[in-house]
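Here is what each chain is made of, one letter per residue.
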Amino acid sequence: MSIVEAIRSALSAIGANALRSALTMLGIIIGVAAVIAMVAIGSGARERVTSQIKSLGANLAIIQSGNVTQGGVRLGAGASSTLTDEDAVAIAKEVDDVAAAAPVIVTRAQTVYGGTNWSTQITATELDFFTAREWDVAEGRLFEPEELRRGEAVAIIGQTVARNLFGEQNPLEQPFRIRNVPFKVIGVMAPKGQSALGQDQDDAIFVPLDTGRRRIVGRNYARDRSVQTIMVKFASEAAIAPGIEQTSALLRQRHRLMADQDDDFIVRNLTEIANTATQAATTLSWLLAAVAGVSLLVGGIGIMNIMLVSVTERTREIGLRLAVGARQRDVLAQFLIEATTLATIGGAVGVALGIGSALTIARIAGWPSVVSIETILIAVGVSGLIGVFFGFYPARQAARLDPIEALRRE
Amino acid sequence: MPLIEARELSRVYDLDSGRVTALDRVSLAIEAGDLVAVMGPSGSGKSTFMNLIGCLDRPTGGHYRLDGVAVESLSGDGLAELRNRKLGFVFQQFNLLPRVDACANVELPMLYAGADRKVRRERALAALGRVGLAERAHHRPMQLSGGQQQRVAIARALVNEPRLLLADEPTGALDSRTALEILALFQDLNREGVTVVLVTHDAEVARHARRVIRFRDGHLLSDQRQEPADARAALAALDAGILPDAEILQPEAAA
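Just so you know, the sequences run in chain order A and B. Each residue of the first sequence is one higher than the one before, starting from 1 at the first, in the working numbering. Each residue of the second sequence is one higher than the one before, starting from 1 at the first, in the working numbering.
Hint data in this document are derived by calculation from the structure and do not stem from the laboratory. We treat Cβ as the ideally placed atom computed from N, Cα and C, and that holds for glycine. Where hints are given, some of them may not hold.
Here are the simulated distance ranges between beta carbons [stated by the list, open to error]:
id, chain 1, residue 1, chain 2, residue 2, range
1, A, Asn305, B, Ala237, 55 to 61 angstroms
2, A, Ile3, B, Ala70, 33 to 39 angstroms
3, A, Leu377, B, Arg19, 54 to 60 angstroms
4, A, Leu23, B, Asp217, 49 to 55 angstroms
5, B, Gly76, A, Ala18, 32 to 38 angstroms
Derived EDC-like pairs (lysine to aspartate or glutamate); straight-line CA-CA distance at most 20 angstroms [to be verified]:
id, chain 1, residue 1, chain 2, residue 2
6, B, Lys118, A, Glu5
7, A, Lys93, A, Glu245
8, A, Lys184, A, Glu146
9, B, Lys86, A, Asp330
Not everything, but these chain A residues come out facing chain B in the computed CB check (under 8 angstroms) [to be verified]:
id, residue
10, Ala16
11, Arg316
12, Ala323
13, Gln328
14, Asp330
15, Leu407
With the rest of the complex left out, here is chain B (with noise of 0.2 angstroms):
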């Protein structure tokens, strides 16, 4: 059974202007274990799929399972308890809590998902130690630098174990060496088991995933299998000096 099955898939607006159809009867099927990129231009219905698949809204048409759930016959509460404990988001803009430090943000989730304060500083700790962060667990996001604060939010998005990490344009607002350093960690995460998906425009980043899907217009324009390219080992190669950033990080026209 795959852990994410789409079919016939539409989401359609009604807003003042008319009827807008952000996403057109989409059927697809994502395994667990891959990694796989999600990609198109802005309108393409990338941003759309990625919040149906999310739970973060409902389709207004077709089916949704989510590791077996039948997502579509949900409540408010049914989705909420499923983002918990089933999805990781990662943002962009990271959405740290501002006032309080890394380990507290990380427990977050945990706190709605009703687990005791011990419990949820012990798993908190343990995934800012599995991102590389242990020794920063009780800096506030203001003393952290952009690639250490969206390790806190994949930490956070971590914590409770889930099914699937959701990443929308993970690496946007950090500059390219940060950029393949946090996708280099979502390669190793997904060596270790963990089914990640990455909405984004860049095709540098999508180079990375091991399947590629591609939206135009609320359609899938096309959904291909690649050998990714290794984060790790580029990075390995920026460090000795052999390749400058400009080579690793070639803008590549999106296709």
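Isolated chain A (complex conformation) (with noise of 0.2 angstroms):
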């Protein structure tokens, strides 16, 4: 008998017992819908954190102010200022692998341009930021050196800003005030879109330092070359560990710090905090792979069981068949493709509804969903190959019938 006779013969025995069948396909649905959709949010988390630390800018640490405890009092991280913009310049000449260090200086501050208003946050900082976050300029130019050194009254403006100060016009070279000092702007950032905290990162200003030292911070910032964080960026992903820790013992060094001092600065690996938040999407598909795995199992001894009572059932047609001349392997064969396409079906049902639930559950976390046609044909190919092993038993109960027994059994 042909293969797609068996399979045309075995699909008339299970549509035979519709309501049957769907309920013993169950176990394997839900199995397969388990497994695709552990994998797509799996590799849907996965695609997300790679693309947040693409935005934030890959290999990159930072460094903070560190606590200081002034008479017994811990003020917390950021509440002093330790960190200098020469801080910076030594970690760029004495780490190894260090591609940028960039000082930074962030407050927020009106801007006003014309009848037009508009908050939002300051950052000054020098070239190395835009090489550590990767970052360009969409229209116009960054600093030039000679800006940095002078600090001079230029700015570079975000997307959102440009949009919400300067509406349709175009805003290079056009005069506008932050906090009521005038500046130019020089360049338009490319957009960036939300951060990983669902931050704008396109509302924001960036100007030189030493402009944003003096002209809009004011005061602390003011007096001396303190800077709130240094942004480092390493070449690679395997610098960031040996480089975090000379440049901890650099700034221990240049601080002037006791050995039983603790460090008045923190260092913050930005892609080991990324990569915490694939833990709830690993967790979630573990637990999507524990439900896949046990009703897999149960699916397959539900069609073990299903295909006993069908030889059970059928006892004399299959005496027929072997007076008919069936061989033994026609049997085997007849009852084994039956119970694989059995699973077969619901593995395909189940790729159905786990690409469902797979969408369905990216769309509320906000993941991108990745089905790949791989997952499709393994899930499928997984349940036929339950089919084949928990229908081997009952496909030679069937297969070793005594013809004479079957013929006679009622």
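Put the two chains together into one complex; each comes in its own frame, and the hints tell you how they fit.
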């Protein structure tokens, strides 16, 4: 009997007991759906993290001014400004594999252009910042070294600021005010979108470090050369860990800390932070994997059970087939194909359900959903194999029937 | 060379309760083209004999040749092939597959012979025509009467052009008129050259055979030739109202 005919006859046998077949497939359906959803969610989450790291700038560490204890009162991170732009220069020079080290001061300020005003985040920094963030202008230009050195009143604005402050106008070369200080727009940044925390990264203005320090922030920062954070970009992911260690040692030395004193700075590895974001997704994936495993096992046992029932019910049919010339292997193949067809249909339905739930979860979680054709083929293939595995015992029972006994059975 | 040649054929069952000799050294030959009734009460060994000549079972002793093939030396697959090519079975309960139509039921033996779809369909329709059911080819068994179902089963048995048609109580589940029709069909087929062996406990059925073999307690009791009753003629008489049913199918004591 050809395989096509065998499958057609299997489909007719499955269709003859539609409800029973559907219930039997349920385990496989749930199992496969869980596998598909698991893979889709897992790779979707991974993709999201990758794109977040990318948008942040890869291989990045951020050094913050640390907690300082004044008379027994611990003031927490960033409370004092122990870091200076000289630290940044030293890091760039002395730590291995540093691609960029940018001193950064961030503040919020009101900006005014003509009759429009807009509150936004002002980042005072140097050119290394744009290297570290892997971010460039869409129009205009970045700062000239001369502008940085002299602390000129030039600004590069983000897309959101451009839209809100200048509307339809071309903002380039336009004069506007930050905290009443007149500035000139020299560039507009390329769009960057949301940060990992949901912040609009395009709602920002960048000014030269000295300009920001003296004319916008004033006070504390104006007196010395201190900065809030230093952004360090390493040449590769492997360079991050040793680089952070070297940076810490360097800063301790530069800040003249005794061996028994705590660090007065905090180093954060952003890649690591981004990676922790996958943990929830990973947990969910494992949960789904457990559901999938149990369901596939239960589904397989269900198929075995129903095939045993089917063999018992169709004993006379088997006897007849043997009498008209079916060999043992024909009967074995018939029931094996029936079990496999049952499992494969269950697998296909499970794939559809899995894609549906993956899309739903991805939409709710805001992840990209990744359902690859390989996953689908593997899922359907695995369910087919389950059919073969769990169908083998009942099929062998059928093939081993004695034709005389089988024909006599009521 | 006889179609069926059994020499000292024995079948012993090893049961928990001890050894049971169902068939004890039976020697018998059946020529091609004959119409034979195998009779005997239950436990006489006739079913065991039928299973052996039908290649559904293997003898525990003696020799059996079917159409020149020494059956006792064959493997399971060899027996299956022999059943497929040289034998056609007809059962008391018809044993049709309920989910498929008459034509697909008749095609079944050819499925295992490996015939292609078109050939199968043609030959199945031809076999159904031979038993007078060409118009019912696409009815399912449930939509057919008992007699029609048995005709489908006979068409299925004939479809691979077997050397021997083996019928086990073929009229046991039918009313007397339908039984006569089926017997008439067997006689027609026999006239066309098909060798038929009817296994029955019913003497009325056996009356329509040319040769009657009787078993008792695993032994051959008698082996007689006779002038067969004409089932077609009896049917005609019945239709003409000449004879009431009761007189045609007068039960006889199994001798």
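Hints versus structure:
About 57 angstroms separates the C-beta atoms of Asn305/A and Ala237/B, a value consistent with the hinted range of 55 to 61 angstroms. Distance hint check for Ile3/A and Ala70/B: the Cβ-Cβ separation is about 34 angstroms, which falls inside the suggested range of 33 to 39 angstroms. In this structure the hint that Leu377/A and Arg19/B lie 54 to 60 angstroms apart at CB holds, the actual value being about 58 angstroms. Distance hint check: the CB atoms of Leu23/A and Asp217/B are about 52 angstroms apart, consistent with the given range 49 to 55 angstroms.
Taking 32 to 38 angstroms as the suggested C-beta distance range, the pair Gly76/B and Ala18/A conforms, at roughly 35 angstroms. For the proposed pair Lys118/B and Glu5/A, the alpha carbon gap of about 13 angstroms is at most 20 angstroms, so the pair holds. For the suggested pair Lys93/A and Glu245/A, the alpha carbons sit about 15 angstroms apart, so the restraint of at most 20 angstroms is met. A hinted pair counts as satisfied when its Cα atoms are at most 20 angstroms apart, and Lys184/A with Glu146/A qualifies at roughly 15 angstroms.
Between Lys86/B and Asp330/A the alpha-carbon distance is near 19 angstroms, which keeps this suggested pair within the 20 angstroms criterion. Because the closest C-beta pair between Ala16/A and chain B is about 5 angstroms apart, less than 8 angstroms, the hint holds. Against a cut-off of 8 angstroms between C-beta atoms, the interface hint on Arg316/A holds, since the closest Cβ of chain B lies about 6 angstroms away. A least Cβ separation of about 5 angstroms between Ala323/A and chain B falls short of the 8 angstroms threshold, and the interface hint therefore holds.
For Gln328/A, the interface hint holds, the least distance from its beta-carbon to any beta-carbon of chain B being 6 angstroms, beneath 8 angstroms. Nearest Cβ of chain B to the Cβ of Asp330/A: about 6 angstroms, under the 8 angstroms cut. The hint holds. Checking Leu407/A against chain B by beta carbon gives a least distance of about 7 angstroms; that is within 8 angstroms, so the hint holds.
This entry satisfies every hint, going by the numbered hints stated previously.
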